[in-house]
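Visitor: Chains as they are written, first to last, in the numbering used here: chain X, 586 to 997; chain R, 772 to 1068.
Check each hint, because a few of them may be wrong.
[Unchecked claim] Among chain X residues calculated to face chain R with C-beta under 10 Å, some are: (1) Ser631; (2) Pro798; (3) Ala806; (4) Thr825.
These are computed hints drawn from the structure, not numbers from a lab. Bear in mind that the values here come from a model prediction, so they are computed numbers and not experimental data. All residues carry an ideal CB built from backbone N, CA and C; glycine is no exception.
Listed here are the chains, written in short residue letters.
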Amino acid sequence: MKITKIILSFVSALAILLSSSVTSFAKVVGDKIILGSAISLTGKYSSNGVHTQNGYNMAVDRINSMGGVKVGGKTYKFEIIYYDDESNPKRAAQLAERLISQDGVEFMLGPYSSGLTKAIAPVTEKYGVPMVEANGASRSLFTKGYKYLFAVLAPANLYLDVAIRTAVELNGGKGVRIAQAFEQDAFSQDVRLGILDAAKETGSEIIIDDKLPKELNDMAATLVKVKQMKPDVLVVSGHTKGALTAIRQIAEMKVDVPMLAMTHCDAAKLSKQHGKNSQYALCASQWHKTLTYKDDFFKDGMTYAADFTNEFGYDPPYQAAESSAALLVFKDAFERANSFDQKKVRDALAATNMQTFYGNIKFAPGGQNVDKPMVLFQVMCDGAGKCENKVVAPLKWASAELIHPVPKWSER
Amino acid sequence: MDFMVFQYPMISVQACLDGILLGILFALIAYGMALQWGVMNIINIAQGDLVILGGYIAYFMYLYGIHPAWGVIVAPIIMYFVGVGLYKLVINKVVDRDLFISILATFGISILFMQLMNFAFGADVVLANSGYGTTFLFDSAVVLPNSKIFSAFISILFAICLVIYMKKSKLGRAIRATAQNARAAKILGVDTEKVYAATFGINAALCGVAGALISITFTIHPYMGLPYTIRSFMIVIVAGLGNLPGVALSGMGLGVFEEFADYILGTEFRIGAVFLLLVLILVYRRFKLSRKREYLK
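When you get a sec, could you build the whole thing from the sequences and use the hints?
Guide: This is how it looks when you write it as structure tokens:
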């Protein structure tokens, strides 16, 4: 009895020793750099989770096939370990722990959504694991003093800032009257804070400030108020549900408002599936394929879009593009650090200053990308009812002129 | 707090009409719940998920180029069989047990349905466009989307058909007999097993109709079922079982209450207000019951 116990403890000790010795080499095995990511493949974020994963995979294949990553005179290839976080923050944090302490991953890619990134960031920070994320835009991610978090995207408070400034400009520099409806989640509330800041700076007035609960699919009350109060701008942000509910009810209730600004229009497939109902809606986007940024791997936005469509069978939403950009950032940082030391890679990431097909990337001390403005596109339809997203702001990349004010429903 | 709704009388009219049209739709779902609650003594937590599943049927018809309004005919037929299948698989095992077991079982079904719908249809929010246009009233101060009017009309139509069916048909009479006294009905030759299966099927079919209407009027999403369960539960509690006019009235009442809560408390408290009302009604009912009990003592 005693002997079996002793043998058993020996065996288990050996097993633990073996497994730990394996993990300590796991970050770079042979010629592979192993990155880890918890990602939403099931659950409520699954569609955007898949966009993110496709974006990562496309960049991995591209970088590997074009010579990989050169560190210390040797060539390495990227590989990613994925776990499904079920769109659940608690699960995502557990998986981050598992990736780092069991699988020995020393470099992480972000999950989808601000909420999940918020759950993972404390874990990567604790272990000093550099994480480049592409889908957490909430401002609160960048005010916590995280040292190992880098986001290739512009923070959420800048999403619709441009819209308000444009409206003020078109109003001859005078403040405008704003009606807004936001969902009660981290991301949308940050978009809201951005609007409040912009309103304050431009002397604009917020006359309706509604909050949408997450189960809501009816915003008729807000729209009735809009009809009554006649604001100059209506801002709606509540992920795809908010965008769809707003578009449906604005069209059905024939709500006339000179400017309608939203988020998540392309995720909600407004121009493709809802055509004329969504005409003239202004949408904030991190990226659009017609932007003229360039890099050596994907060439430019149009080429990226064509290659992506070729591989996955659908037009890349910006969630995919920014995810691909995250790997370009990692590659660049590894090569500049010329090392796999986490501290050195972290410092190299912090010093990033590069252009990718997705946009310029340069990180502020908080970790957010400050070198890439948001773009606004407007849904525009031709006579046959075919609708398309056209970039209208900033002017540098505009492919069409902003239509303002939006024509009344009775005149369409 | 915002009392704009009282400052502009036309907004009150709008809120009332919106609420009534919405309430009629809720009442249809609640009627299904009352029916199976009364007959089988089962509180179906998965009610809202059956509604959403019905919505997806209409949505897929829309996706394949069929007008989603046909969903109000197709969805109940498919959902009837889903309901009967569900009864044969799970519900028949809990139908004679106490209420708590059935709540747990249907809660499980609800979670399963949510995940399956998410798996099969994806997590995207979807809707089906009916292209029905808009009705303007009072010099266009009040705006009613025709899809809402259509929903209310179809709901009333189905409710009337169901009442007639319950009164006139053989199965309808058997269902009512089973509701009154299952044992007596069994002794008199009613196949209660069949009655239960049909009742659950009819309930699912009603959910299917409501779901198709919701996909035309609002939006659907795999995780959006629970608010519909809560609303129908509340309507049934207020109206009582087997009281169709009561269900219709309390449905409309709830619809109007929700609209006004939305205007006065703000949209963020709309669903919250419904939950609060539910708690208040439950407390009030308990209070009334305990007073009655004391009186009897």
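Visitor: Which hint numbers doesn't this structure obey?
Guide: No hint contradicted; all consistent.
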